[in-house]
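Novice: Turn these sequences into a full structure, and let the hints steer you where they fit.
Those protein sequence lines, which keep their order, are chains P and A.
Using my numbering, read the first sequence as starting at 1 and increasing by one per residue.
Using my numbering, read the second sequence as starting at 1 and increasing by one per residue.
The hints are simulated quantities; they were obtained by calculation from the structure and are not laboratory data.
Incorrect hints may have been included.
It does not matter which identical chain is meant; a pair holds if it fits inside one copy or across any two.
SDA-like mimics (lysine to any residue), calculated; alpha carbons at most 25 Å apart, straight line [to be verified]:
1) K107 x E296
2) K220 x D259
3) K373 x D554
4) K293 x N104
5) K373 x G266
6) K373 x A628
7) K107 x V462
8) K193 x G141
9) K329 x R368
10) K329 x K365
11) K107 x E463
2 protein chains.
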Amino acid sequence: MRRSEDASRLFDNDKQTVIGTGGRAGFATQERHDFAAIRGPPMTFKTPIRDMRFVLQHAAGFDALEKTGAYPELSDDLLEAILEEMGKYCDQAVAPLNEMSDQNGAKLENGVVRTTPGFKEAYAQYIESGWGSLAFPEEAGGQGLPQALAVALVDALNGACMSFAIGTTLTTGAVKALKAVGTDEQKQLYLEKMVSGEWTGTMNLTEPQAGSDLSAVRTKAEPVGDGRYKISGQKIYITYGDHDMTDNIIHLVLARLPDAPEGTSGISMFIVPKVHVNEDGSLGARNDAHCIKLEEKMGLHGSPTCVMSYGDNGECYGTLLGAENKGLKNMFIMMNSARLDVGVQGVGVAERAYQRALAYALERKQGRAPGVKSGEMVAIYEHQDVRRMLYSMKALVDASRAICYANAVAYDLARTANDEEKRQEAKALEELLTPISKAWSTDRANDVTSLGVQVHGGMGYVEETGAAQHMRDARIAAIYEGTNGIQAMDLVGRKLQGDGGAAARAFVQNVRDEAGILKAAKREDLQHIGQRLNAAVDALDASTDGLLGLAKDDQEAVLAGAVPYLKQFGNVAGGYYLGRAAMAAALSAHEGVGDKDYLESRIAIAKFFADNYLTEAEGLTASVLSGALPRLDPEKLSA
Amino acid sequence: MRRSEDASRLFDNDKQTVIGTGGRAGFATQERHDFAAIRGPPMTFKTPIRDMRFVLQHAAGFDALEKTGAYPELSDDLLEAILEEMGKYCDQAVAPLNEMSDQNGAKLENGVVRTTPGFKEAYAQYIESGWGSLAFPEEAGGQGLPQALAVALVDALNGACMSFAIGTTLTTGAVKALKAVGTDEQKQLYLEKMVSGEWTGTMNLTEPQAGSDLSAVRTKAEPVGDGRYKISGQKIYITYGDHDMTDNIIHLVLARLPDAPEGTSGISMFIVPKVHVNEDGSLGARNDAHCIKLEEKMGLHGSPTCVMSYGDNGECYGTLLGAENKGLKNMFIMMNSARLDVGVQGVGVAERAYQRALAYALERKQGRAPGVKSGEMVAIYEHQDVRRMLYSMKALVDASRAICYANAVAYDLARTANDEEKRQEAKALEELLTPISKAWSTDRANDVTSLGVQVHGGMGYVEETGAAQHMRDARIAAIYEGTNGIQAMDLVGRKLQGDGGAAARAFVQNVRDEAGILKAAKREDLQHIGQRLNAAVDALDASTDGLLGLAKDDQEAVLAGAVPYLKQFGNVAGGYYLGRAAMAAALSAHEGVGDKDYLESRIAIAKFFADNYLTEAEGLTASVLSGALPRLDPEKLSA
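Specialist: Written as structure tokens, this is what we have:
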């Protein structure tokens, strides 16, 4: 059949030299774990180590971490070595599972969730290699490396297979909560195995009537007198609420004590293990906590999204984690890094969509250059409209990666910088960037993955091509862990108004300074980027002032401007970090250090971003400040 | 189970009073056809008759058609009556099939394509009611009504069920080709049954190596001496290439005659019936033309996308349609209206996504107003960020509908206006707007349907909610019938450079005039819209001048600017037509004619569009004119 021959030609791994890593046969012999049983399309992902390192060092300010003294072993060589190992694991053990995760997703069979074939083995290797404990302190069994490296891992894992990656990230959040507010006994029972990843963790927040607004949580917890609590209720959208990759799962569950106050101040957090843990650490009886349904989702099929039922038989027991009625407050301990991780999911899945689209655009031949009527058709990469899509994808991936990595470095510096002022400064930046990392990166992941479909033309709409999967997978990231609308409200509320605009203005000043440096550069392209950056940051400044003015007496108007403000902020931040990277690339190129073509491509991408996304930022002030949207009668808005 | 109870409560049709039409029981008793066997979710669509009529009359200039004399029976009453009937058919017979079309799509069984249960009956009713022949001339068995009404039908049908609707639209294109270049014998054999819809038509263009670039078509046609041609080859992506709704399908197939020149000038078009038709019109032998595979697609599951094989047994016969080697040229006869129809698909599916999201936002309760700490939760429609999404969806639906309808009116006037100058003017507008209707409307349909998912929060990602289906269905429209990149190239190529910018400049002048009228209005909101429109059209003007300047010696730069230019043009056109509608609404409101709240909502939406999309248009000139994108070494762009 001509059609399928053609399709196989297009996706023949041997021909995808740009992103191929040598085919499946290569890794099967290198790895201890047996992936031979997994049949899937050839690998189409390579962890972008070069880009990740460049962004960490030249946009995100990773070098500052080496100076804190908090990471004595950290060096450029160690960074390189870790990224290399990370790449090997993700490319060889995880990436080949991606298509399978879509086609053969998690299944609920006789009350047990079965994950995609191969997940269990890949997860075992994850634990053995110590990836789960990368950024946890050594005293908690971790490796004491910066969060920025853990974020790079999240990036690589999500590029390899988003539905596998999400399973590893949630445990990290649960560990942070346990570490912060757990009792010694709780830590002793759970911490080590969760840090290593031998047991996974979940977050149980949502109930049907309590989604974005957790004040309506109804799940109950009743003390039984021996320090334990009887839990009863149902939770929905519980990611990896059950699975077969580990022999225990530690659920963190929001519930109400008897007579707890209404609303958010009456919510407590509980540790509810799937299997009870004896004092000696051995596993005891099965708890009465079960997955009773898996959601059928648009994508991310490999990630089991569970309806969890606690205490159906009246025998679900847990222990209180943290103080009574402080569940929501304690949950916020892990909120910042969880939100950052979701932003990075967007970066990872967008990277994969980009790699696939680039490979296709270099392979697929259609049409000719303008004015050329005959002869061989050219690769569609040669067409300006296709090249624009690829530039857009690359620019958005690079910008969102830079924002998220800078956010992670700020997270680390907020905890490890040498003096209090620097820690506070970093903390303010971390807080400010978090909703932008989460929302901007995931909105842009939707853009990038949709462009990835478009680059493929008709083939993009056909599932076997794989481009559509990335678009379907990516779509959730703008929704969960606080919808992007909620992120925008957080930005204009707690983050902007919380400090009277101080953090935002400090950021604006940094951007302005960088624009000045770029404008003063000798190269015209850098000057051009500097001018665009300057105009965009002026617009952001105007929006910031405008919103702070409105905040005095019109919170509705502030909220109406939240989403375009976050978009504008993200565009400016992206342009800022890419501008920094371009400046560094130009210096290296000038000094003859590094691959000149690679360095020039960084500058070209930064210029493209400036011409298309910084200019977009300029126009957004009008949207930000256009005022509260009147309440039109819905009848008049409908058919 | 609490979860599913909650879900059913949210989608209980009785509660969706805004868009409900009384439930399925109501229509089952009214209609002759039996839809009782079709179980599906309750209806969630109502044809937006009020909006459609308002846009036709006050934005698209429908009234001009009444003055041409070409449609003697046309009147406001007839328009109203037709829209009403259209709405009944679409709401009651088609819309209930939508979810089923996704879950139980077309299947290839033993060489025969089975469509979604209920499609056959709904299609039978389509023929009986005469919907297929609405805009065909009476001498061809049609009803002689304007194309603008046929476009309204396409809008309504696609809102009701996109995968059903596409099956009806393709026949229209085939009829146009047949009417234009068919021989008397061919017309006699096929035309009447195709006009009525008793037989459907297909377009067979694409082959694996010949997608956007048809010069590579390889399918062969050899004359056998009796006026017939033996056809051999395979075609892919053939929409409704086979199905069970009619007893014959008339394929129009692009193929090469022996010794035809290479490239596009060697392509001819052939009529290849699924079942041969005898001279007396009765059906003869089965032709050797078969669907051998259905594509598994991201969405539009109800629409069979076929791999068609012609002459596998050497027995496929067809007749030449039009002159030898003029196949591509003749195909362009139907191109404009086919592209417009695809744009309107975007309008329809976006409308449905909007209606669903609005209903959900009015029903779903979460959170409270700013500063309110306790008490009942409010409908999420009350939150500014959710309201912004709904306003955005509505504004984009209205704007794309207005552009497409104006395009259709131009199509009609180009053929029926009383004097040659007006016909030429209309023709120029039709040509100019066609790529914008197609690409802008479908790009915006992607935006709108994605926002529809977002409004639903986590539920949007769960397939049972239905929001995700619209996003998956809509995604193809930006790809087929010429990708949106190709539309943009058409705009900056044939349309802009073809007449030296005359049509674009005339459009710019019309917009400028309208902006002047709005600015001179007494109402401040209209003045505001006028100012925004003026600034946006200045930017469009600058882009137009800039591109025409670049065209002299840098076609690559023109092509690089094509996509942002089309976006900018669409935003300005949308703002222009919505501005016209707002002006008309203000006049009616001032005169006390019509529903004041409805009229005011038109103005509010136009203002929202101005504040968000006209301002976006302003910033796009920089993107349009930023020059050709350098050919970066792909290695440097990859991991």
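Novice: It remains to establish, for every hint, whether it holds in the given structure.
Specialist: How the hints compare with the structure:
For a Cα distance limit of 25 Å, the shortest separation of K107 from E296 qualifies both inside one copy, at 10 Å, and across copies, at 21 Å. In this assembly of identical chains, the alpha carbons of K220 and D259 lie at most 25 Å apart only when taken from the same copy (10 Å versus 81 Å across copies). Taking the shortest Cα distances, K373 and D554 sit within 25 Å of each other only across copies (17 Å), while inside one copy they are farther apart (61 Å). With identical chains, the CA atoms of K293 and N104 are at most 25 Å apart both within one copy (17 Å) and between copies (22 Å).
Proximity of K373 and G266 under a CA criterion of 25 Å is satisfied inter-copy only: 13 Å between copies versus 73 Å inside one chain copy. Taking the shortest alpha-carbon separations for K373 and A628, only the inter-copy value of 21 Å comes in at or below 25 Å, while the best intra-copy value is 54 Å. Taking the closest pair of Cα atoms, K107 and V462 come within 25 Å of each other both inside a single copy (24 Å) and across two copies (15 Å). In this homomeric assembly, K193 and G141 come within 25 Å of each other (Cα to Cα) only inside a single copy, at 9 Å, whereas the closest approach across copies is 77 Å.
When the C-alpha separation of K329 and R368 is checked against a cutoff of 25 Å, the pair qualifies only between copies, where the shortest distance is 19 Å, while the shortest distance within a copy is 60 Å. Only between protomers do K329 and K365 lie at most 25 Å apart by alpha-carbon distance; the minimum there is 23 Å, versus 56 Å within a single protomer. Within a single copy, K107 and E463 get their C-alpha atoms as close as 20 Å, and across copies as close as 16 Å, so both meet the 25 Å cut-off.
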